[in-house]
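**Q** The chain contents come next:
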Amino acid sequence: MNAITASTNPTPAKVVYYRHRLPIRIVHWVNVLCLSILFMSGLGIFNAHPALYFGKSSYSSTPAVLTISSVSTPEGPRGVLWVAGYQIDTTGFLGVSKKPDGTPNLHAFPSWLTVPGSYSLSDSRLWHFFFAWLLLFNGLFYVAYSTIGGHLRRDLAPNRADIAGIGKSIRDHIRFRHPTGDEARRYNVTQKLAYLVVIFIMLPLVIITGMAMSPALDAVMAGWVDLLGGRQSARTIHFIVVWLLVGFVLIHVFEVIVSGLFNHLRSMVTGYFAADTTPDKKGTHL
Amino acid sequence: MKPTNTGRRRFIGRSLGSIAAILATGCDRLNQTEWFLKVLATGENVTYGIHRALIPRKAMAQELTPADLSPTFRTNGTSSPDSPIYQALAKNNFADWALQVDGLVEAPQKFSLAQLRSLPSRTQITRHDCVEGWSAIGKWTGVPLSQILAAVKPTAEAHYVVFHCADPMEADGSTPYYESIDMEDAYHVQTILAYGLNDGILPIGNGAPLRLRVERQLGYKQAKYLMRIELVKSLEGIHGGKGGYWEDSSGYQWYAGI
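If you're matching them up, the sequences are chains A and B in order. Position one of the first sequence corresponds to residue 1 (the working numbering), numbered consecutively onward. Position one of the second sequence corresponds to residue 1 (the working numbering), numbered consecutively onward.
Calculated directly from the structure, the hints in this document are not laboratory data. Take the hints with a grain of salt, since some may be wrong.
Straight-line Cα separation of at most 20 Å, SDA-like style, residue types lysine to any residue; simulated pairs [unchecked claim]:
hint	chain 1	residue 1	chain 2	residue 2
1	A	K168	A	L152
2	A	K98	B	S18
3	A	K99	B	G26
4	A	K192	A	M202
5	A	K99	B	S18
6	A	K98	B	L23
7	B	K242	A	S122
8	B	K38	A	G117
9	B	K38	A	C34
10	A	K14	A	Y272
11	B	K58	B	L116
12	A	K98	B	A21
13	B	K38	A	S122
14	A	K98	B	D28
15	A	K168	A	L193
16	B	K58	A	A222
17	B	K58	A	V220
18	B	K153	B	P120
19	B	K38	A	Y119
20	A	K98	B	T25
21	B	K91	B	I204
22	A	K99	B	K242
23	A	K99	B	L30
24	B	K153	B	Q115
25	A	K99	B	A21
26	A	K99	B	Q32
27	A	K99	B	R29
Pulled out of the complex, with its shape left as it was, chain B reads as follows (with noise of 0.2 Å):
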């Protein structure tokens, strides 16, 4: 190899580097501007749209066998919420505790946790997969959501299903945790109310007494200590908006299907 070309290699491998760093420091520049995350954020849109067109609104998430299940249910994000209200009713192992179904349906409704027992039930052994990669595979019992929304009835103008739950998200107790779905996930046959885990009661970790499984979305969809629902036309008067307290707060994406 003659010396020249040492000198050139020397040369090119630098620009080589120089297109990375360039690349690198363009990307984390467009990254802080609003116009341009605005850019990405079209993507959520194509795959929110392409999704809905092309997977059938009655596929099912895949049904998984006892073999299967995870030795333990992981308890992410809260664990137990810091909340006086939700400590009492926990005392008292939610006898206290009752579903609250409001907003645009004709009959607004309470529901206890021995009420929702009482209505027909779905068993499902279900993935659950975290945005953040990891997966955990449970079985779940509950009441399909389709069944409190005929006890309801809502409107016509009910396009979205808001879940507000107990959990405060801020350290001074504020911003309790909140989320939603469209109204084809809210019928679908596995977006059940879950109270039950592995043939036991849910425990607080997982979201007692009552979770919601949306099984075609990610984790940060399934709300756990449910205490609301709302049906609501738009997700604009939704705290920041968004739909839910990950979207409004760190920017994720409201359709968790991928």
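Isolated chain A, as found in the complex (with noise of 0.2 Å):
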């Protein structure tokens, strides 16, 4: 968000200039790739141990907190979520599916949300752990170059006129309103709030449950993993955290979409983005 460039736009309202530098951009892709693929091998490697538990080992006085199975009835399998003491039938998604050729899959989650498709979890695990380096890699940089080239005090960090129209920003938000004009600019506080917690506190999170399931990493420092309640807290933990990822990006693409698609693809592609010049009082898109 700098380098304002004149608008090449014919109609003088709007004005074309550099929203997104290059490295992050590339940055911002390879998170969509990565993230997808990681999300999906991920639920390939869970189908492997459909259960989720709380504290050091499955195998305690504490029955599971999460299961998804399938159970044998007289008309077929079902396919049930068990979550906190509630059974709910979820049959045809989870527990039991249909895989392509239209044979039932009895694994957790549906072969349309794993990678890969048909059950393996040897080469999800090999997806999972490649796409899971390159997550890291790309995140230190984004971090390192964020930090010293700017992006992340002068457009991420919130200003004080941002921290006292929190509360407008959310009931904009609420109402589908977005910035126009000027205000567009640059990230509104609602999205620099998100985007922090998702930098700062999300993936790393992810990140450090995820390292918590390793043996090797867990011996660095024996006991470290306690403070996540357990291995197998961290692993329920790691679950609970990717679905709150996926919250965040089916947000993010809404907002994406209902403030300008075509606009957002592009700024996040070439970098060029489309702002009004004249601010619109009613500041709606829709």
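Combine the two chains into a complex, taking the hints into account.
**A** Below, the structure written as structure tokens:
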């Protein structure tokens, strides 16, 4: 969000400016690739033991907090999700679904959500760890670049005015109102906070809980995994944070769509974003 | 909302769905090519290299307390080896069993169960992490592998320790289980040949008479029903060449630190 250029747009009310630098754009799309594959290969790994626990081990006096299973009934197999004591019939999606050839798939997550599609724990692990390294290096580069280059301070850190306007910004988001004019050139405060939470809380947490599942990394400092509640708690937190990230992605994509899909996509591909020069007091693109 | 918007939304929704489908199909296509699996497998080299570089050689796996023990230690994989030789040994309480240690060593030897029990032992309460995702906690008693190695004196050429087991993995009774570790793990304090579990004799379901505990790696490295330990320079000559049964048969990583 720098180096504002003169408008090349024939409409005088629009100004096209350079919004996203090349390294940020590359990091963004590498993230899209990594997170998609990590999500899908992770569900493939989960299918090997579709149960989650709290504590150090899976075999203790406390039962699983979540299981996905298939139970056989006279009418055929039914998919069942048990979570915190509740039982939900999830036939067709979880526990029992259909493979592309129409035959029943009795794994927890359906084949269209996993990488690879047909169950293979060893292959899912190969995908998961390759892209986990890529995500980690991408993330470390991003944090270094945006700290040194000023992106973090300039574009992401909320200023005083931002903090004062948090309430209004959240209300505007709920009503699908988006900043226009000069205000649209910078991230709004809700957007800033969402990105900061994802970059500095959710992604580090998903990486650390992933590392906590490694028996070798657990040995780096004996007992550190207990800070997360033990290895099985770490695995459960990993799973929960993943779904929070999925929630973030869905809201992010929704916001991009309602505030100008083509404009945003172009800015994340070429760097150039078109903003109105005249503020629209109604402030809505819908 | 204008009708044109509804059409646009539907278009966008379908586009997102198509992107997911293309991604899934693309991944599946790549997953069937040998070259791409090789690219993905480089991740294992990165993991192994970084772990060996950053994790101290002597870093200890967490040792837990009796309160953490799993009520019963789950039997996984083979529950009783389906081989006449093993069944005969078991019938006689493994009195005729002996661990053969050979390969690139100066003094190949056989160790009876009584001999192993008479050596200084180590007891440790540790967490067993299966590649599938579950964990169980057990109390293991056994001989540190380093003591056995000190007795047989590996040559300078010995880079890997291979464990040959009694349990046949194929339905026709062939391909006994096998696994291997590097010398760094072999000499680790917590790497023991366990003959006891939870203050009792190691049950058959958990690998009697002797199993490996290599605590900084996943469950499939913890070879059960040990018959022979072989020191080798390279894993190439061992069965399929990848160092373990699951590595050769199903493409699991040899380095199972994650």
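**Q** Work down the list of hints and note, for each, if the structure agrees.
**A** So, going through the hints one by one against the coordinates:
Of the supplied pair hints, the one linking K168/A and L152/A is violated, its CA atoms being roughly 23 Å apart against a limit of 20 Å. Simply put, K98/A and S18/B have alpha-carbon atoms about 19 Å apart, close enough for the 20 Å limit, and the pair holds. A threshold of 20 Å between alpha carbons decides the hint, and for K99/A with G26/B the separation of about 17 Å falls inside it, so the pair holds. With a C-alpha separation of about 14 Å, the suggested pair K192/A and M202/A falls inside the 20 Å cut-off, and the hint holds.
For the hint linking K99/A to S18/B, the alpha-carbon distance of about 18 Å falls within 20 Å, and the restraint holds. The suggested pairing of K98/A with L23/B holds, with an alpha-carbon distance near 19 Å, which does not exceed 20 Å. Annotation: proposed proximity of K242/B to S122/A holds, straight-line Cα distance about 14 Å (limit 20 Å). Taking the CA atoms of K38/B and G117/A, the gap is near 19 Å; set against the 20 Å cutoff, the hint holds.
Our distance criterion of 20 Å between C-alpha atoms is met by K38/B and C34/A, whose separation comes to about 18 Å. For a cut-off of 20 Å, the pair hint linking K14/A to Y272/A stands: about 12 Å separates their Cα positions. Only pairs whose Cα atoms come within 20 Å are accepted, and K58/B paired with L116/B is rejected, the gap being roughly 24 Å. Proposed proximity of K98/A and A21/B is supported: the alpha carbons are some 15 Å apart, at most 20 Å.
The hinted pair formed by K38/B and S122/A meets the criterion: a straight-line CA distance of about 13 Å does not exceed 20 Å. Proposed proximity of K98/A and D28/B is supported: the alpha carbons are some 17 Å apart, at most 20 Å. About 14 Å separates the Cα atoms of K168/A and L193/A, which keeps this hinted pair within 20 Å; it holds. Note on K58/B and A222/A: the hinted pairing holds, with a Cα-Cα distance of about 11 Å set against a maximum of 20 Å.
The straight-line distance between the Cα atoms of K58/B and V220/A is roughly 9 Å, inside the 20 Å bound, and the hint therefore holds. The suggested pairing of K153/B with P120/B holds, with an alpha-carbon distance near 18 Å, which does not exceed 20 Å. Between K38/B and Y119/A the CA atoms are separated by roughly 19 Å; this keeps the pair inside 20 Å, and the hint holds. For a cut-off of 20 Å, the pair hint linking K98/A to T25/B stands: about 16 Å separates their Cα positions.
A C-alpha spacing of about 11 Å is found between K91/B and I204/B, which places the hinted pair at or below 20 Å, so the restraint holds. A hinted pair counts as satisfied when its Cα atoms are at most 20 Å apart, and K99/A with K242/B does not qualify at roughly 32 Å. A distance of roughly 19 Å separates the Cα atoms of K99/A and L30/B; the hinted pair therefore holds under the 20 Å criterion. Straight-line distance between C-alpha atoms of K153/B and Q115/B comes to about 18 Å, which keeps the hinted pair within the 20 Å bound.
Restraint check for K99/A and A21/B: the C-alpha separation of about 14 Å stays at or below 20 Å, so the hint holds. Among the hinted pairs, K99/A with Q32/B is consistent with the structure: their alpha-carbon atoms are about 17 Å apart, no more than 20 Å. The hinted pair formed by K99/A and R29/B meets the criterion: a straight-line CA distance of about 16 Å does not exceed 20 Å.
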